[in-house]
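J.: Sequence:
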Amino acid sequence: MKKHVLITYIIVCCVSFSSIAQQEKEIDSLLKLFEKSWTKDANSAYFFANRAYLLSNSINNNQLAAKARVAMASAKLVQGEYTASERLLNLNLLDSISLSNKTLGNTLKYLGYTLYNKKNYIKSSQAFLKSISYFKKIKDSVSIGRVYNGLGMIQFTLKRESQAMENYQKALQYNYSNMGYKDVCTYISTQMNMAELSSKRDQAYDVFMNAIDLASKNEADFFIPTIYQQLSYLYTRKNDYKNAIKYAEKALFKARKMNLGGKEQLIYRDIGTAYFQNNQYHDAIESYLKALPNSRMEVLDTIYKRLSMSYYRLNDNKNGEFYFDKFLRHSDSTRQLQDKKTVAEIVEKYESNKKDLEIKLLQQENESVTLMNKRQKNQLLLAIFLVALLLLISFAIWQFYKREKEQNEILFIKNQELIRSKVKSKESTNKHSIAEQEVNIELVQLLEEVMNSELFLDKGLTLSKLANILSTNTTYLSNTINSHYQKKFTDFINELRVNYVLARIEKDKEFCNYTIAHIADISGFNSSSAFYNAFKKYTGLTPSYYIKEKLNKNKAA
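Positions -21 to -1, 1 to 536 (mature numbering (1 follows the signal peptide of the UniProt record, and there is no 0)) are the ones given, in order, by the sequence shown.
Rather than coming from a laboratory, the hints here were simulated on the basis of the structure.
Since we're looking at a predicted model, the values are computed, not measured.
Errors might be hidden in some of the hints.
As a list, the in silico DSS-like pairs of lysine-lysine whose alpha-carbon atoms are at most 25 angstroms apart [unchecked claim]:
| hint | residue 1 | residue 2 |
| --- | --- | --- |
| 1 | 217 | 236 |
| 2 | 527 | 466 |
| 3 | 81 | 118 |
| 4 | 97 | 138 |
| 5 | 467 | 438 |
| 6 | 466 | 488 |
Kindly generate the complete structure, drawing on both the sequences and the hints.
T.: Structure, rendered in structure tokens:
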């Protein structure tokens, strides 16, 4: 029989291990599909990464789950969903102890790029620098190159040109024979930024064109929208708005093709900027309005400001004021003061009558009503939540007291049985085996005779007083009680008093009507609390509960 059980157990283990191995193989396949689709379709890439993540969780493989989270975060980064990307990467950092150096390095690297896009340059730099230490441990020089490129981007954005160039040169040290698409992206980004920093900015166009060709040949298509976008910036700074719009629209076409939703909003903003600076306000408004949905907070400031100014320059004061109000809500106090002065001059120039003010008041009233409705809805949801929480807590308390009552009833029954047993065996001989040299049998018999006389009901009974009554000394008496009854003197006396109370409750119905204080007094306890604690200790129940149950039992009988 045991042999069959062992064989069955071995078979089950083998099947289980085989199933897990098969699932791990499937996860690796999904991550490879993610790598292939990442450069072409961000939505598909995220789908494969998410499938790998769910499957990793189902087999409790933390390493693979963390790897899949990095993949999901990188897909969100490409889509421009930076908050979602940051949340996924921070989940990895919460469980950093169990992760490999490679996974931790990649987590921090992508966190650096994510925070860079959120314009949190200090934390972005910290994440990049931490990632280098993990990549050095596994001698991953290619990843180190990507990190230095990220550090260069931060310095470039902060206009620290010498530090930026230094980091870009470090990045190029790790580039790259037989480059993969990620390495190509790093190389392209580095070369473009160095071209921007170079004094020969006219040659930057050639660098960008070569970057597009290099990205196409190395399956790095997803990077092409960024290249076109950078090229559009270049022409905007040169006041060549026609070419700026041309390359921004090419970036938009590529971003749509690859489902880079977050990227589209940024490109629409760039197109609007080119139109605005070229005084084409109708076209600028159209592009800015397309850029509004799902735009990040830091982008909204520019869009609202430019929309307001475009409408004012078209003599549309109503919309100009509307978007100016929105701009004020999203800009910081310094920019508010500067731009408020500028727009105030425009408002003064184009303001025609008081009707605009009435419209504004109606809009504010409408916003107040909307805000109030939203607040009431939130309060209702909070009330529902609190009621549900209260019901849950009430149910938990009810369950607790129900369980406690059941346990108390069991203890009550056991105590009843114990009392009957003690009453029947009160005259029987103590069966403890005690060595003659340890216990004086005559002293024990004498002690029991004295206790049977209910001497323990004396409140003033002490070890010394009892020793005098028994004509012995306190040390010998204490040792005898410890050896024979396995109790200290106080516990020995208190147990006799509690047993006395239990016996009286069983025999005397009137005794149950006494107060706790009176019962404590007649049973030899100095206080109600001392009686309460002793009773609870020896029975597991409180005196009041025990008496209540006894009364209920008597009524039922």
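J.: Each hint: holds or not?
T.: Each hint tested on the structure:
1. Restraint check: the Cα-Cα separation between residue 217 and residue 236 comes to about 29 angstroms, which exceeds 25 angstroms; the hinted pair is violated.
2. Only pairs whose Cα atoms come within 25 angstroms are accepted, and residue 527 paired with residue 466 is rejected, the gap being roughly 30 angstroms.
3. Proximity of residue 81 to residue 118 is assessed by CA-CA distance (about 10 angstroms); at most 25 angstroms being required, the pair is judged to hold.
4. For the suggested pair residue 97 and residue 138, the alpha carbons sit about 17 angstroms apart, so the restraint of at most 25 angstroms is met.
5. Distance restraint check for residue 467 and residue 438: the Cα-Cα separation of roughly 17 angstroms lies within the 25 angstroms cut-off, and the hinted pair is therefore satisfied.
6. At roughly 31 angstroms between alpha-carbon atoms, residue 466 and residue 488 are farther apart than 25 angstroms, so this suggested pair is violated.
The structure shown violates the earlier hints numbered 1, 2 and 6.
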